[in-house]
Amino acid sequence: ETGVTQTPRHLVMGMTNKKSLKCEQHLGHNAMYWYKQSAKKPLELMFVYSLEERVENNSVPSRFSPECPNSSHLFLHLHTLQPEDSALYLCASSRSDGLGYTFGSGTRLTVV
Amino acid sequence: SQQGEEDPQALSIQEGENATMNCSYKTSINNLQWYRQNSGRGLVHLILIRSNEREKHSGRLRVTLDTSKKSSSLLITASRAADTASYFCATDGGTSYGKLTFGQGTILTVHP
Chain A
1 ETGVTQTPRH
11 LVMGMTNKKS
21 LKCEQHLGHN
31 AMYWYKQSAK
41 KPLELMFVYS
51 LEERVENNSV
61 PSRFSPECPN
71 SSHLFLHLHT
81 LQPEDSALYL
91 CASSRSDGLG
101 YTFGSGTRLT
111 VV
Chain B
1001 SQQGEEDPQA
1011 LSIQEGENAT
1021 MNCSYKTSIN
1031 NLQWYRQNSG
1041 RGLVHLILIR
1051 SNEREKHSGR
1061 LRVTLDTSKK
1071 SSSLLITASR
1081 AADTASYFCA
1091 TDGGTSYGKL
1101 TFGQGTILTV
1111 HP
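Residue numbers (our numbering), protein chains in the order written: chain A, 1 to 112; chain B, 1001 to 1112.
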């Protein structure tokens, strides 16, 4: 257990479904991140929240919608996904200066 | 654009041998970090080296950084079968929050 917990571990969803990924950290960190890891591609940074404010959105399609209600929780709301969105979605947290980066175990998402 | 690029893409060695992985990057950095990922799981932070450091050790790990060549290497000495994993370098370009840019990784296989 790294201190960053992601649920669910696995998710299979149809293209018309709506689902949410959850990330929770109890490390006292002030920054949280969503990354996408697809086969044969480097980890791609999707969103960054620092002090509960979204500070980066790397041209992510609007079918992915992040939410950070407080510094301990981060969600990724999913709707009308495409099969190419199937990937491992990793959450991470860090201190506000970027140190102490800690990753969760990820959610393996399959879109059918 | 991709910042860190690891070399080789895959490395296969026998237990007890040393494993060396290299990483090159393109822009200036605050620090460079190495991570390990077991199949389908989250990333585990191994070691961080700051831009003003040249070498760092942690147990069986040795990391070097050459900012003039924009490259780093990770050496794992006396490898074990349990070291089998993917290894990634990530650069922190020094935004006010943490933002890591990852390479594609080296897949290390250590045969017993």
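These are calculated hints, taken from the structure and not from any lab test. Virtual Cβ for every residue (Gly too), placed ideally from N, Cα, C. Wrong hints could be hidden among the right ones.
Straight-line alpha carbon distances no greater than 16 Å define the calculated EDC-like cross-link-like pairs of lysine to aspartate or glutamate that follow [said to hold, decoys possible]:
id	chain 1	residue 1	chain 2	residue 2
1	A	K40	B	E1053
2	A	K18	A	E67
3	A	K41	B	E1005
4	A	K41	B	D1007
5	A	K41	A	D97
6	B	K1026	B	D1007
7	B	K1069	B	D1083
8	A	K40	A	E67
9	A	K19	B	E1053
Counterexamples of contact, computed for chain B against chain A with all Cβ distances above 10 Å [claimed, not checked]:
id	residue
10	G1042
11	K1056
12	K1070
13	T1109
Evaluated hints:
1. A:K40 / B:E1053: 31 Å, violated
2. A:K18 / A:E67: Holds: K18 of chain A and E67 of chain A sit about 15 Å apart, inside 16 Å.
3. A:K41 / B:E1005: Holds: K41 of chain A and E1005 of chain B sit about 11 Å apart, inside 16 Å.
4. A:K41 / B:D1007: 15 Å, holds
5. A:K41 / A:D97: 27 Å, violated
6. B:K1026 / B:D1007: 15 Å, holds
7. B:K1069 / B:D1083: 28 Å, violated
8. A:K40 / A:E67: 28 Å, violated
9. A:K19 / B:E1053: 44 Å, violated
10. G1042: 4 Å, violated
11. K1056: Label holds. Min Cβ-Cβ 15 Å, cutoff 10 Å.
12. K1070: K1070 of chain B clear of chain A: closest Cβ-Cβ about 17 Å, beyond 10 Å.
13. T1109: 17 Å, holds
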